[in-house]
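Given only the sequences and the hints, what does the whole structure look like? Please build it.
If you read the sequences in order, they're chains A and B. Per the numbering used here, the very first residue in the first sequence carries number 1; after that it's consecutive. Per the numbering used here, the very first residue in the second sequence carries number 1001; after that it's consecutive.
The set of hints was computed from the structure by calculation and includes no laboratory data. We treat Cβ as the ideally placed atom computed from N, Cα and C, and that holds for glycine. Be aware that a few hints might be false.
Stretches of chain A that chain B covers, calculated by requiring three or more beta carbons in the stretch to come under 8 Å of a beta carbon on chain B [claimed, not checked]:
1. 145-152
2. 155-167
3. 173-186
4. 209-221
One letter stands for each residue in the lines below.
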Amino acid sequence: MRIRPIARHDIEGLKVLARETGVGFTSLPDNHEFLIAKIERTLAAFESREQSEDRLYFFVLEDDSDGSIAGCCAVEACVGTDAPFYHYRLGSLAHSSVQLNLHRTLDTLTLCSDHTGDAEVCSLFLREDWRRDRNGALLSKVRWLFMAQFREAFPDKVLAEMRGVFTPEGRSPFWECLGSHFFPMDFDEADRLTGMGQKSFIGELMPKFPIYTPFLSESARAAIGQVHEHTRPAVAMLKKEGLRWEGYVDIFDGGPTVEAYIDDVRAVRDSQLARVELIEGNAPVTDRPSIMASTLSMADFRASWISHAVTQVSEGPDEGESVVCLYRDEAERLGVSAGDSLRVLAG
Amino acid sequence: MSSAPMLVVRPAESRDLLALERLAATATPRLTNLPPHRDRLEERITRSQRSLRAEIDFPGDEIYCFVLEDLETQEVVGTASLRAEAGAREAYYTYRQETLIHASQQLNVRHEVQTLALSHEVSEATLLCALSLDTRYRETDADSLLRRARLMFIAQYPERFANELAVAFPGYLEVRDEHVVSPFWDSVGQHFFDRDFNEINQMAGVRSKSFIAEVMPPFPLYLPLLTPQARAAIGRENQRHEYAMQEMLAEGFSRSRHVDIFDAGPLLLAERERLHTFANCGWHPVRIRPAESLPDAVPAMVANQRLGGFRCVLARYALTPTGQLMLTPEQAEVLGVEEGRAVLAVPMPLPAVDEGEL
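Written as structure tokens, this is what we have:
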């Protein structure tokens, strides 16, 4: 399995992913023109290296045994520059009077665009048949290696929006209590329009004044900042990297947005460069790989699990140099040969 | 006529304190602006007397407190007040009902959202308030006299009052488990104060309503987020005040977008010149006749032209061909007028009101 930038010929594979994602996955609607445009945006970002703000880096997970597309993930370099990017910020308002012997603090939800200009890791999806061998972790973490390698292409902060709470019937209590009063459409339609990038309607229809959360139903309040049960592993992985919930939630389903300074993300901090040395034979099969490597060129970016961690040369002219040993099949998968360098992350 | 009780509306005096206390305690529902609190009521009488003595060129923080006395029993059976400027010392807070239009060209959608926003807009109006009447007199002419005699007072001393008059009615309440509750308060104020409606009403009476309003959250409330019961209570008068509300609508007041911040009771507004009483009252010289020789005529409110000694009684709108108003000797005595002195009179009956048109 390996990660690479999406290419034009991946359109059919991408459509399969789009059909399998379903509701609540706003960034991958099953729409031909939209997906084509997504690929083109990615190609522009990878090839031209131009520093326009509106850059999308979209990756696919390719099964190198037969070339099929098993999953995807992406990084938006800078959100909110072409279309507004909204959140609710959960805050509190003290409410007190000495004479009335009153001191209460009420939670409020305030519409904001505080994350304008931040990077976003998004669009992570792994098809059912490939949910094994830590493929999900590969898709999640590759983005940190990429950002570490091309650090200057990204801003200070990064965020990830997590899917909120839904009932087993697929209804969002947060939406039903709040959004539905302001959007004369159902959740799926609102969600679809957002996914298609038609976000300005949100600002036009959303309540501009803070919402006092005690006015919401109990189930809606309980959904604020909570994730869908299927999303818990994804949140756990991001939290291990150091991302935190700072009180921002999705305006539709109330799901949390986790965030961090990119330089503080564990994988960004801990990844290191190492020179490739080849060893004979193919890698032994494992279902718990833990060392990840990615290439250093943007256009030919590749990443995959490898077998061996980085070591330091202990003697000779190269003493102290970091070296990573690859089996032949690992080197082929990444498209590197002896003497090239890789960015490597352990754990 | 002679069998009807002799009723008079006059300014409150110190000796009325106990009666005021009783009326405050029996007001249903309790009125924030008429707390059953002796010191507050005593202070109100004093302020009222001071206001009546003062030279006034334009409305300020004066308050005029009146009582309704049944002269037969010499009992004070009702009270009502005028606040020259609703928010003279503080701001007068209301919730104003507003409509925000959320439109998106992209989606071809136009969506109206109702909000309640804290407002001070009514602060400069003159407020008719604090009316409480002994239940035996409810929905009789005495009720109307007490309520509308204040308009006769304003008509005589226009410089003391604002052009815009406001009257707030108690809001809709429910009895739940033997407790009186306000569905609106339960859905709104309760969140912010953690106190029930009766408690907050009491506090507001002793301190002041705007004192509490200042602690209300400053942002507008979105109506769709209130309970259906709370929404239904917005602008709905208390069950016990339907008659009074109809009378004020007939008098010429209109429903406004303003409602009470505690119970969402309606606030009616009027330009005073548009009120029936102002449009139809007139000065007439008095002619004193024995009760039995007075012709039959519609009831009328008749007021003398004294400030501190203001008196307003119920009489008949019995005019001589030359426009003199015929009063009995008893009525003339209560008003303190002699034959030939001018009094202000207006027929009591009000035009029918069709709320469907409002």
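- Message: Tell me the numbers of any earlier hints that the structure contravenes, in ascending order.
- Response: As far as the earlier hints go, 1 and 2 are violated by this structure, in ascending order.
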